[in-house]
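Engineer: Spelled out from the first residue to the last, the chains are:
Number of protein chains: 2
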Amino acid sequence: MAKKARTAITPTREENFPEWYQQVIKAADMAENSPVRGCMIVKPNGWAIWENMQRTFDVWLKEYGVQNASFPLLIPLEFMNREAEHVDGFATECAVVTHHRLEKDENGKLVPAGKLEEPYIVRPTSETIIGDSMSRWIQSYRDLPMKLNQWGNVMRWEMRTRMFLRTSEFFWHEGHCAFEDHDGATADCMHILDLYEKFFTEVMAFDGFKGVKTPDERFPGANETYAFEAMMQDGKALQAATTHDLGTTFAKGCNIKYQDRDGGEQFVHTTSWAFSTRAIGGMIMIHGDDDGLIMPPKLAAHQIVILPMVKDDNEAQVMGFAEKVAAALKAKGIRVLLDTREMRTPDKMWDAIKKGIPLRVEIGGREADAEQVSCVRRDLGRESKETLSVEAFVEKAEGLLQAVHDELLSRSRKFRDDNTHEGSSVQDLKDFFGAGKIGFMKVPVTLLDDPALEAVMKEYSLSTRCMPFADGGEKVIIAKAY
Amino acid sequence: MAKKARTAITPTREENFPEWYQQVIKAADMAENSPVRGCMIVKPNGWAIWENMQRTFDVWLKEYGVQNASFPLLIPLEFMNREAEHVDGFATECAVVTHHRLEKDENGKLVPAGKLEEPYIVRPTSETIIGDSMSRWIQSYRDLPMKLNQWGNVMRWEMRTRMFLRTSEFFWHEGHCAFEDHDGATADCMHILDLYEKFFTEVMAFDGFKGVKTPDERFPGANETYAFEAMMQDGKALQAATTHDLGTTFAKGCNIKYQDRDGGEQFVHTTSWAFSTRAIGGMIMIHGDDDGLIMPPKLAAHQIVILPMVKDDNEAQVMGFAEKVAAALKAKGIRVLLDTREMRTPDKMWDAIKKGIPLRVEIGGREADAEQVSCVRRDLGRESKETLSVEAFVEKAEGLLQAVHDELLSRSRKFRDDNTHEGSSVQDLKDFFGAGKIGFMKVPVTLLDDPALEAVMKEYSLSTRCMPFADGGEKVIIAKAY
Numbered sequence: 004m005a006k007k008a009r010t011a012i013t014p015t016r017e018e019n020f021p022e023w024y025q026q027v028i029k030a031a032d033m034a035e036n037s038p039v040r041g042c043m044i045v046k047p048n049g050w051a052i053w054e055n056m057q058r059t060f061d062v063w064l065k066e067y068g069v070q071n072a073s074f075p076l077l078i079p080l081e082f083m084n085r086e087a088e089h090v091d092g093f094a095t096e097c098a099v100v101t102h103h104r105l106e107k108d109e110n111g112k113l114v115p116a117g118k119l120e121e122p123y124i125v126r127p128t129s130e131t132i133i134g135d136s137m138s139r140w141i142q143s144y145r146d147l148p149m150k151l152n153q154w155g156n157v158m159r160w161e162m163r164t165r166m167f168l169r170t171s172e173f174f175w176h177e178g179h180c181a182f183e184d185h186d187g188a189t190a191d192c193m194h195i196l197d198l199y200e201k202f203f204t205e206v207m208a209f210d211g212f213k214g215v216k217t218p219d220e221r222f223p224g225a226n227e228t229y230a231f232e233a234m235m236q237d238g239k240a241l242q243a244a245t246t247h248d249l250g251t252t253f254a255k256g257c258n259i260k261y262q263d264r265d266g267g268e269q270f271v272h273t274t275s276w277a278f279s280t281r282a283i284g285g286m287i288m289i290h291g292d293d294d295g296l297i298m299p300p301k302l303a304a305h306q307i308v309i310l311p312m313v314k315d316d317n318e319a320q321v322m323g324f325a326e327k328v329a330a331a332l333k334a335k336g337i338r339v340l341l342d343t344r345e346m347r348t349p350d351k352m353w354d355a356i357k358k359g360i361p362l363r364v365e366i367g368g369r370e371a372d373a374e375q376v377s378c379v380r381r382d383l384g385r386e387s388k389e390t391l392s393v394e395a396f397v398e399k400a401e402g403l404l405q406a407v408h409d410e411l412l413s414r415s416r417k418f419r420d421d422n423t424h425e426g427s428s429v430q431d432l433k434d435f436f437g438a439g440k441i442g443f444m445k446v447p448v449t450l451l452d453d454p455a456l457e458a459v460m461k462e463y464s465l466s467t468r469c470m471p472f473a474d475g476g477e478k479v480i481i482a483k484a485y
Numbered sequence: 004m005a006k007k008a009r010t011a012i013t014p015t016r017e018e019n020f021p022e023w024y025q026q027v028i029k030a031a032d033m034a035e036n037s038p039v040r041g042c043m044i045v046k047p048n049g050w051a052i053w054e055n056m057q058r059t060f061d062v063w064l065k066e067y068g069v070q071n072a073s074f075p076l077l078i079p080l081e082f083m084n085r086e087a088e089h090v091d092g093f094a095t096e097c098a099v100v101t102h103h104r105l106e107k108d109e110n111g112k113l114v115p116a117g118k119l120e121e122p123y124i125v126r127p128t129s130e131t132i133i134g135d136s137m138s139r140w141i142q143s144y145r146d147l148p149m150k151l152n153q154w155g156n157v158m159r160w161e162m163r164t165r166m167f168l169r170t171s172e173f174f175w176h177e178g179h180c181a182f183e184d185h186d187g188a189t190a191d192c193m194h195i196l197d198l199y200e201k202f203f204t205e206v207m208a209f210d211g212f213k214g215v216k217t218p219d220e221r222f223p224g225a226n227e228t229y230a231f232e233a234m235m236q237d238g239k240a241l242q243a244a245t246t247h248d249l250g251t252t253f254a255k256g257c258n259i260k261y262q263d264r265d266g267g268e269q270f271v272h273t274t275s276w277a278f279s280t281r282a283i284g285g286m287i288m289i290h291g292d293d294d295g296l297i298m299p300p301k302l303a304a305h306q307i308v309i310l311p312m313v314k315d316d317n318e319a320q321v322m323g324f325a326e327k328v329a330a331a332l333k334a335k336g337i338r339v340l341l342d343t344r345e346m347r348t349p350d351k352m353w354d355a356i357k358k359g360i361p362l363r364v365e366i367g368g369r370e371a372d373a374e375q376v377s378c379v380r381r382d383l384g385r386e387s388k389e390t391l392s393v394e395a396f397v398e399k400a401e402g403l404l405q406a407v408h409d410e411l412l413s414r415s416r417k418f419r420d421d422n423t424h425e426g427s428s429v430q431d432l433k434d435f436f437g438a439g440k441i442g443f444m445k446v447p448v449t450l451l452d453d454p455a456l457e458a459v460m461k462e463y464s465l466s467t468r469c470m471p472f473a474d475g476g477e478k479v480i481i482a483k484a485y
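Sequence lines, in order, name chains A and B. Residue numbering for the first sequence follows my numbering, starting at 4 and increasing by one per position. Residue numbering for the second sequence follows my numbering, starting at 4 and increasing by one per position.
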């Protein structure tokens, strides 16, 4: 038996994908579980990714005319009663604030005191409280469209949690817009979904399927939900982002009316849309390998790591050269880490690999003498090593980063395509998922009416992911999902 | 009797300063009270200021080596019991989460369900939960210093609230650092306090007093608290930012130990520091006038507003010229608003004044013909109007913005100096505050031992603000405060 190549992550993806995922996060020092049930601590290496995501996407939202604002963390319980359909879908598990003070009991232990007349919930999403504001802010068609967005934290009391993918507290942006009519709302949903696609492909380097959700998978209260569904390396789906055409549901629940161009009174049409820290979980599961994380260069906190390999007699020379290379790269706007920690070089190298830094540059005495660098791509590994003059490398660095991006994106597309299968019957689904095959199965939407479908869906924990636009709405993707 | 000049804000500062403050916020469309007790909604015009504050200060923190991370919103009640001194100062009023589910009662009304075994509080500050992480993350002196920061929301259940100044939920950054020794912690407190001073003077355009707090005004659990105290136009103090030397208090409470350079085991020395959305309240009360907000140019969402004044026969010409001017300013990196709303020009003008946009440019047919602009500074008003060629204006615009900044800063310094009085006895305090005079009184610190002091402090609602560094710690500032 051939000796198995040693990998930096144990177990490998094939051995145990969920556990591999947790170990990648740990090895990359991105996040950890906290003492608060279901909540994670996002460590600097993880938070830097989210900051980069925010920074990039926020610019796009502002270009589209969206304004950021901030609405309260707490929502009066009464608001949740206003929109029955929404409540039924959401309100089951959430953090409820019932007291506003702590007092010491007879043993000196702090206990809740100051019971509130009306409890609050920590927002699981903000449609109701933003709708309440819109009802005051919108008077006339001149106030429309109103496009608001909030970057923040929300909380849903999750029973089974997994870092980034499903945590009680998570971070997102939530857009909430109001339009004169259905066409405006639909156009908004489509525009934002296109922005999401652009973001996932051009920044996070993965592709998926854009489409419309089946009615049972819609956001509570929505007329239509549109989604971007990506495929993980275990073949499961991850809903990376959604846009919701809320029709007049929330306008009616929150009484958001406007005077139209003819002087009549109308309900606005609202939308909401979001992506969250979940997308980071997707990025890990799409790009990572058995040596750990592979960061898409556009999101990486550090795009290039420089490892100086010094000996007693050349420290000044090597460090001086390494600093020169770092400065030249920084001058090009590249995010560079010069790793000067007191650590063995192999340890530093594996640290950089596990953190997924896209390009690794090694500089020792020989390189410093020759004014050269050796560069290795994280996505291609050791075999991609090439030695270049420092001028050539600095000139080529942006192109190399783009090449890493392109490779990751093209891998994700190939994986998605290779693992998306066509089916035409419930038996096809049974055969595919029953055999433990991984991936998506695309079937005609007419199959949704087949009475035999439900049992198979249940047996293999399947769900409908979306009806891809690319298929003209005639097919639906069925898969296991996160 | 001379007819009083009409002002955009009613009442004026002199007539009713607290009400003027609320009206300025309303007129500038910055924020409003929400249906959630004590929480505000920060509207786009207000949130843009906070975003600019974050963007600028975050860069400085990163330059200093601080890393951003994210810790849970909820804190286990048990954690609050770990640090008795801290708890006594803080835990009285906070939002307590006691349930994790909603259920419908017999009337179909949602009620709290799923009682938690151990309640959580919504973080009023994060020393305890970050300390818990530090106790796991810090092993050796090699892990030190550890400099962490979090941008986020916190909640303290305030009884009397005022937008930005004191709200139940507010927004801040909270830095939490650990050092090997007291010197490291002190140097950190001083460095950050200097950064705060730089931020307030160079970005927010106001000055204040840097100093150390008296023991009774320290943060709960701190060895020393250092503060930047600013003077509002009603003479009251606002603590704009603080840094805390926490000694080993939290290290002991959270068990944060490290192996020192000699192999021994030591407690770390921690610090924490923050400024919050409160500083926006201060900025309003320092710079605003009876026509509303005056924005420091470096924070203004829009630094220059262009008001095109069109007639039926020149709309294309005037708009074309206005767009050209806007483009030329944008090319210089200036944030420009071309106000094309369907509104009367005087209404647009007053809107720009009330929002405090630093420079207002008026462009009508005459200006378009002559390729000129008329420019008015918000801080100096109508009398500062000058007409310039477009080239001259574009060339001069950054200088004009800097001039507005300098004027605001110098006004704040003059006001502070004119209204800071020296006293030497309790009687001096009585005479000053008893006569209803506004401002700070600086007295020898030895006065703190005078038994007659307390009654006067109480009678006039005074507090010690800080012992300014500039006075070598020999004097203390006493004032009314927000």
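In short, the hints are calculated from the structure, not lab data. From the three backbone atoms N, C-alpha and C, an ideal C-beta is built for every residue, glycine too. Among these hints, one or two may not hold up.
[Unchecked claim] List time: in silico DMTMM-like cross-link candidates among lysine to aspartate or glutamate, alpha-carbon distance up to 20 Å:
1) A/Lys150 <-> B/Glu81
2) B/Lys65 <-> A/Glu54
3) B/Lys335 <-> A/Glu66
4) A/Lys112 <-> B/Glu81
5) B/Lys118 <-> A/Asp315
6) B/Lys417 <-> B/Glu457
7) A/Lys213 <-> A/Asp420
8) A/Lys65 <-> B/Glu54
9) A/Lys118 <-> B/Glu161
10) B/Lys118 <-> A/Glu54
11) A/Lys333 <-> B/Asp32
12) A/Lys118 <-> B/Asp32
13) B/Lys107 <-> A/Glu106
14) A/Lys150 <-> A/Asp91
[Said to hold, decoys possible] Quick partial rundown of chain A residues pointing at chain B, CB under 8 Å, derived from the structure:
15) Trp50
16) Gly68
17) Gln70
18) His102
19) Asn110
20) Leu340
21) Ser387
22) Leu391
[As the list claims (entries may be wrong)] Heads up, incomplete: computed chain B residues facing chain A, CB under 7 Å, no partners named:
23) Val45
24) Thr59
25) Val62
26) Trp63
27) Tyr67
28) Leu77
29) His103
30) Asn110
Engineer: If a hint holds in the structure, say so; if it does not, say that too.
Structural biologist: Hint check:
For the suggested pair A/Lys150 and B/Glu81, the alpha carbons sit about 42 Å apart, so the restraint of at most 20 Å is broken. Between B/Lys65 and A/Glu54, the direct Cα distance comes to roughly 13 Å. Compliance with the 20 Å bound is thereby established for this hinted pair. Simply put, B/Lys335 and A/Glu66 have alpha-carbon atoms about 19 Å apart, close enough for the 20 Å limit, and the pair holds. Distance hint between A/Lys112 and B/Glu81 is fulfilled; the C-alpha atoms sit about 9 Å from each other, no more than 20 Å.
For the given pair, B/Lys118 sits about 63 Å from A/Asp315 by alpha-carbon distance, which is inconsistent with the 20 Å threshold. For the given pair, B/Lys417 sits about 30 Å from B/Glu457 by alpha-carbon distance, which is inconsistent with the 20 Å threshold. A distance of roughly 14 Å separates the Cα atoms of A/Lys213 and A/Asp420; the hinted pair therefore holds under the 20 Å criterion. Taken as a hint, the A/Lys65 and B/Glu54 pair is honoured in the structure, with Cα atoms around 13 Å apart against an allowance of 20 Å.
Taken as a hint, the A/Lys118 and B/Glu161 pair is honoured in the structure, with Cα atoms around 15 Å apart against an allowance of 20 Å. Restraint check for B/Lys118 and A/Glu54: the C-alpha separation of about 35 Å exceeds 20 Å, so the hint is violated. Restraint check: the Cα-Cα separation between A/Lys333 and B/Asp32 comes to about 41 Å, which exceeds 20 Å; the hinted pair is violated. Taking the CA atoms of A/Lys118 and B/Asp32, the gap is about 34 Å. The hint is violated against a cut of 20 Å.
Note on B/Lys107 and A/Glu106: the hinted pairing is violated, with a Cα-Cα distance of about 30 Å set against a maximum of 20 Å. Simply put, A/Lys150 and A/Asp91 have alpha-carbon atoms about 26 Å apart, too far for the 20 Å limit, and the pair is violated. About 5 Å separates the beta-carbon of A/Trp50 from the nearest beta-carbon of chain B, less than 8 Å, and the hint is met. Hint status for A/Gly68: violated, given a least beta-carbon distance of 11 Å to chain B, over 8 Å.
The beta carbon of A/Gln70 comes within 4 Å of a beta carbon in chain B, closer than 8 Å, and the hint placing it at the interface holds. Because the beta carbon of A/His102 sits about 4 Å from the nearest beta carbon in chain B, less than 8 Å, this interface hint is met. Taken as an interface hint, A/Asn110 does not check out: its beta carbon lies about 10 Å from the nearest beta carbon of chain B, beyond 8 Å. Because the closest C-beta pair between A/Leu340 and chain B is about 13 Å apart, greater than 8 Å, the hint is violated.
At about 30 Å, the closest approach between the beta carbon of A/Ser387 and any beta carbon in chain B exceeds 8 Å, and the interface hint on this residue is violated. Nearest Cβ of chain B to the Cβ of A/Leu391: about 30 Å, over the 8 Å cut. The hint is violated. Given the 7 Å rule on beta carbons, the hint for B/Val45 holds: about 4 Å separates it from the nearest Cβ of chain A. The interface hint given for B/Thr59 is violated, since its Cβ lies 14 Å from the closest Cβ of chain A, which is over the 7 Å cut-off.
With a cut of 7 Å, the hint placing B/Val62 at the interface with chain A is violated, because the nearest CB-to-CB distance is about 12 Å. For B/Trp63, the shortest C-beta to C-beta distance to chain A is roughly 15 Å, which exceeds 7 Å, and the interface hint is violated. Proximity of B/Tyr67 to chain A is violated relative to the hint, the smallest CB-CB distance being about 14 Å (cut-off 7 Å). Hint status for B/Leu77: holds, given a least beta-carbon distance of 5 Å to chain A, under 7 Å.
The restraint placing B/His103 at the interface with chain A holds, with a minimum CB-CB distance near 4 Å, inside the 7 Å limit. A hinted interface residue such as B/Asn110 counts as satisfied when its beta carbon comes closer than 7 Å to some beta carbon of chain A; here the least separation is about 10 Å, so the hint is violated.
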